[in-house]
Amino acid sequence: MPSRRHAIADDLRQQIRTGHFKAGERLPSEAQLAIRYTVSTPTLRSALALLQGEGLVEKIHGSGNYVRRPIHRFTYVGGIGTSPIPLPRTTVRTMNLEAHGDLPALLNVPPLSPLTELLYVTHDEKAPHSLARIYFPRDLAPADSPSPEQMRARLAALRPPLSEIQERLGARLPTQEESTTLRISTSLPVLSLTRVATNTAGRVVEVARIVLPGDRADALFTTRLMPDEGTQTE
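Residue numbers for the sequence shown follow our numbering, beginning at 1344 and rising by one.
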């Protein structure tokens, strides 16, 4: 016999799939749902957490629980995040800070060195889609708040030019801040990618930390092998 939380989740899931609750619609309040299903608020929240983990429901703090609109998947490809649809809006926040934690080692600078951080949050329609924090030594930081496309062009035009981009990919649970920003459950794994760009002089010119929700993102890395020119076929 299913537990109460699973039975509630099954009932709400069926109502969503049959269109009783439509995409973008706010669900009844947690207190109203708890009364409707004659359960405690913690049990009701546990049932909603199952639906949040499946990507059917999103909780917007201070507003309530909403039926999530269809999720558009996108692919992170070798240093560039792409999407099968245009993403109409990216918000950018710029902040000056000092190198702390593992940033000195990643950027190969002394602790407390002056850095600039650009925080990008990309939105698909009204929903946050991904976030990235990009760090620069202060003397290399852009004077404005460039878009992601402008950032890629800026890196391509650097002198000395880039010689290496190292990317480390992992999976983990989101922090509370990431969960709130991306409107995802704290139980939904995210892809966490750290990218380090180094120029031909051996200087690290950028460190990017990119967080992609696991229910809508893939990472694709392609290795192109050159044929052995010395091999002869008869």
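Simulated from the structure, these hints should not be mistaken for laboratory data.
A couple of the hints might just be wrong.
Stated by the list, open to error - If you anchor each label on the Cβ, the simulated ranges turn out as follows:
1. 1415 x 1503: 33 to 43 Å
2. 1345 x 1476: 36 to 46 Å
3. 1345 x 1439: 50 to 60 Å
4. 1363 x 1569: 53 to 63 Å
5. 1544 x 1435: 26 to 36 Å
6. 1406 x 1350: 20 to 30 Å
Each residue gets a CB set at the ideal place from its N, CA and C atoms; glycine is no exception.
Verification of the hints:
1. In this structure, residue 1415 and residue 1503 meet the distance hint of 33 to 43 Å, their C-beta atoms being roughly 38 Å apart.
2. The hinted window of 36 to 46 Å between residue 1345 and residue 1476 holds, with their beta carbons roughly 41 Å apart.
3. Distance hint check for residue 1345 and residue 1439: the Cβ-Cβ separation is about 53 Å, which falls inside the suggested range of 50 to 60 Å.
4. At roughly 57 Å, the beta carbons of residue 1363 and residue 1569 sit within the given window of 53 to 63 Å.
5. Between residue 1544 and residue 1435 the beta carbons are some 28 Å apart, a value that agrees with the proposed interval 26 to 36 Å.
6. Taking 20 to 30 Å as the suggested C-beta distance range, the pair residue 1406 and residue 1350 conforms, at roughly 26 Å.
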